[in-house]
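Engineer: Please arrange chains B and C on chain A, whose structure you already have, making use of the hints.
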Amino acid sequence: MTSTSGARAAPDATAGGPVGVVARGLAVRHGSRRSWALTGVDLVVEPGERVLLTGASGSGKSTLLAAVAGLLHDEGTEVTGELTVGGRPPAASRGRLGMLAQDPDSQLVMTRAGDDVAFGLENAGLPPEQIWPRVDEAMAAVGFVHGRDRPTHALSGGEKQRLVLAGALARRPGLLLLDEPTSQLDPGGAALVRDAVARVVADRAATVLVVDHDAAPWLPLVDRVVELVDGGLVEHGTGWRPAPRAAGLRLPAATAGPVLLAADAAGYTYRGTAVPALRPTDAALRAGRVLAVTRPNGTGKSTLALLLAGLRAPTTGRVDAAAGLASGVRRGGTAPHRWRAADLVTRIGTVFQNPEQQFLTGRLRDELALGPLRSGEHAAAARATADGLLERLGLTEFADANPFTLSGGQKRRLSVATALATSPEVLVLDEPTFGQDARTWREVVTLLAEQRAAGRAIAIVTHDADLVDVLADERIRL
Amino acid sequence: MTSLAVGPAPDVALARINPVTQLAAILVVTVVLLSSLDLVTPSIVVAAELCLLPAAGLTSPRAVWSRTWPLLTSAASVGVVNVLLSDDAPPLAGAALALRVVGLALPGVLLVASTDPVLLADALTVHWRVPPRFAYGALAALRLVPLLVVEFESVRLARRTRGVEGGSNPVAQARLFAGTGFALLVGAVRRGSRLATAMDARGFDSGVPRTNARGSSLHARDAVFLAGTVLVCGVAVTASISTGAWQPLFGG
Amino acid sequence: MAEQAVRPSFTDESDASGPTRWRTVDIVVTAVLGVAFGVVFWAWGLLWNATGAAFTAFPPAQAFMYGVWLLPAVVAPLIVRKAGAGLFAEFLAAVVSALLGSAWGAQVLLYGLLQGLAGEAGYAVFRYRRFGWPQALLSAVLAGAMAAVLDLVYWYPLWSAGWKLTYVALVVASTAVVSGIGGRALVRALARTGALSSFASGRSRA
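Residue numbers (the working numbering), protein chains in the order written: chain A, 1 to 478; chain B, 1 to 252; chain C, 1 to 206.
In short, the hints are calculated from the structure, not lab data. One should not assume that every hint holds.
[Said to hold, decoys possible] Distance ranges between label pairs, derived from CB positions:
| hint | chain 1 | residue 1 | chain 2 | residue 2 | range |
| --- | --- | --- | --- | --- | --- |
| 1 | A | Thr238 | C | Ala185 | 53 to 61 Å |
| 2 | B | Ala172 | C | Thr20 | 39 to 47 Å |
| 3 | C | Ile181 | B | Thr73 | 26 to 34 Å |
| 4 | B | Glu153 | A | Ala198 | 35 to 43 Å |
| 5 | A | Arg392 | B | Pro146 | 52 to 60 Å |
| 6 | A | Arg34 | B | Pro146 | 39 to 47 Å |
| 7 | C | Thr20 | A | Arg477 | 56 to 64 Å |
| 8 | B | Pro90 | A | Arg331 | 49 to 57 Å |
For glycine and all other residues, C-beta sits at the position ideal for the given N, C-alpha and C.
Bound conformation, chain A alone (with noise of 0.2 Å):
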């Protein structure tokens, strides 16, 4: 579909107001891959009605908003089936459109607030006199309470993605496309967004399509509830709940030992700043325990994951490794941070937010032998380290895939298994949980139960309550 001049957008909705999606046995099949991402999906939405389309990963979400905002058009996807939105075909409604996908970082344009908002009316072609108005409109309309001069580096996650709810409110959509858009923000910053959702959508001058795997916080902000479920639509009653994360999960129990790593009045504070990302903190890391560092929001939490993990030194006070976990070490005595990457690797292993900060080389099976390498085993030793380990996860099957190219719950295993593939007998993890699924969340949960019954000591940095009811021995809330 090539109409691109024909996509002339309308540009504000004198001639709008909400348009509707109807799709009729709507399949699409990726070209690179052999089966079905949706087999036969039906789906009316009324204009003006709120929806929440909700699915495991790997479900079909992500190709079914792509498809209703007209963006399956790589060579080799096929389609089949109806599809249209407003009653046109999706790519010539897009100027309709209004989108919030997950990270704010890729989404936002200008650096000031305000000439962000005004981005999208400016690709519209409107005079600047009428910009403006505009823009403070959508501003307030969302809760944006920073002026047009505020910097858009300086904003939270939550006031980022508010932002660019903003700017997409300022062109009037009829439809309004929420792509999981609180999945990469801690509890404060999501319920800035769902709040500003609720405010903007009350009027129902457009319909919205929400995109969750996590379907609780959405529910009372929309009116209908879609599942899909290999490929296909379910359609969810009113009363509809979806099942807790944690319902029925058997985790084994483990005992305490020794500390192994500790914390005293560390603090840390990067150069140039004077206010501290952390204040003094005690920490104790015990063997078979599992130690919880939550925070309302801001980044003092990854920095003590970095003061544990060895990876700064802190400014202030100190981290101590145990005499048995130190013994060996070439040089660096008990501070971490001081030891050489190949004796860390094997005392302390560290599984960053991100995964693929972390991914070095181009095949799992590599990926997974490198650290063992590294630490020193012969290499016929790591490959069956790597191979064991492949297997424990699911992954075999990937073994020779590029870790890049695996999908987020994948990925994410994977770099646990990077630090485990060392034996280290201390975890250090940055928001493990983050954008997980049900599904992938239990794994990780019953990953890290098990290594915690094998007597590893382990810290987990995050904003999940659910994770931290479920597996903290102790908590520190900074």
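Structural biologist: The following block gives chains B and C in isolation, referenced to the frame of chain A:
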């Protein structure tokens, strides 16, 4: 390190000169300085540039130093190296070259201190007909710089968690650097693709002629500024020729 | 001056729409590439300062490492396959270098412009129809030559002819290897991660 986290343009005198005017002035100065190798021309030009420092809000020696130390050190190095590696140049020729380097780079410092990328993009698209999709695409990418800097550091730390470190071996350091750079590039390309989709969702590709919400205007003072620049350069060249010091880059 | 309408990012394979029809994703990814390289350069500069005091004092030794600076000019067209991509990316990398405080001040901008242009010539010669090893090498060599000449004009005009020639030769050799061959290898590695799925370069076997 100059922070790229931009706020509104600083409220300095030079900020009232349109960025494209400053760019045009820079062009003039560059052509004049590049084409001469003597001592007189750059001396006069640099003197004039130094007079503009207060207009850019750079009044304290510390502020000046923090923005100019890189170019000063490289100017010094240029002066020295040229004298060392040439056949027969006197030390004064080295000084002339060093001064030339300063004269070429200083206007850039002034520009950065008195404007911000958004105003620059606006000025370029309004006055110089730069295609807006490229200007604002570039702006959107520039916004990511502080994030990428943080990400680079995170990736470097992540490598340490995998047992990979540079140590003292330069080859190992280079390989580590290459790996870190690669991870950064992957993330950046991914992010760019998502950003493009978001921009299209806001009508970036609609084909409708874009307007500019902020606008950019030229005033009489811009013409005066540019004329002044040309005048100073003219004086510099004249003085250089009349004192016999003129030494063009090519020929002579 | 009528500007090319920008095509939406998702329509047809980037090749088929021709080398002058830029989609949004072509523009933004080129820009982000340039900016990311700028950040890499800044970090490279820091590394260099820490380890290479000898380097900075003796420029001919610097010539060996030159190829890194020219990667954007060579790599961007290989990925995006549009006319002007190398220029755009190299220029933006220079802008970021200047803003983050490179040791060379604002004239990196002129360098970025001219190096980018020279690199473009390498692809223009083939009418922007082919984006393989020969094109990458030619682009790298031309960009390197331009960079060396710029250095000679800007910094080292008083050198003897012998030193000048040596310098040009070293820089060109470095860029051919690092930007040309290295750049091509970099693009293929990127393609393997799946990050280039919006581009023909991410799908082809070439």
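Engineer: Are the hints correct? Go through all of them and say.
Structural biologist: Going through the hints against the structure:
1. Thr238/A <-> Ala185/C: 53 to 61 Å: Since Thr238/A and Ala185/C have Cβ atoms about 57 Å apart, the given range 53 to 61 Å holds.
2. Ala172/B <-> Thr20/C: 39 to 47 Å: Check passed, 44 Å falls within 39 to 47 Å.
3. Ile181/C <-> Thr73/B: 26 to 34 Å: At roughly 33 Å between Cβ atoms, Thr73/B and Ile181/C fall inside 26 to 34 Å, so the hint holds.
4. Glu153/B <-> Ala198/A: 35 to 43 Å: holds, 38 Å
5. Arg392/A <-> Pro146/B: 52 to 60 Å: Cβ of Arg392/A to Cβ of Pro146/B: about 39 Å, so the range 52 to 60 Å is violated.
6. Arg34/A <-> Pro146/B: 39 to 47 Å: holds, 42 Å
7. Thr20/C <-> Arg477/A: 56 to 64 Å: holds, 58 Å
8. Pro90/B <-> Arg331/A: 49 to 57 Å: Since the Cβ atoms of Pro90/B and Arg331/A sit about 53 Å apart, the hinted range of 49 to 57 Å holds.
Hint 5 from the list above is the single one not met by this structure.
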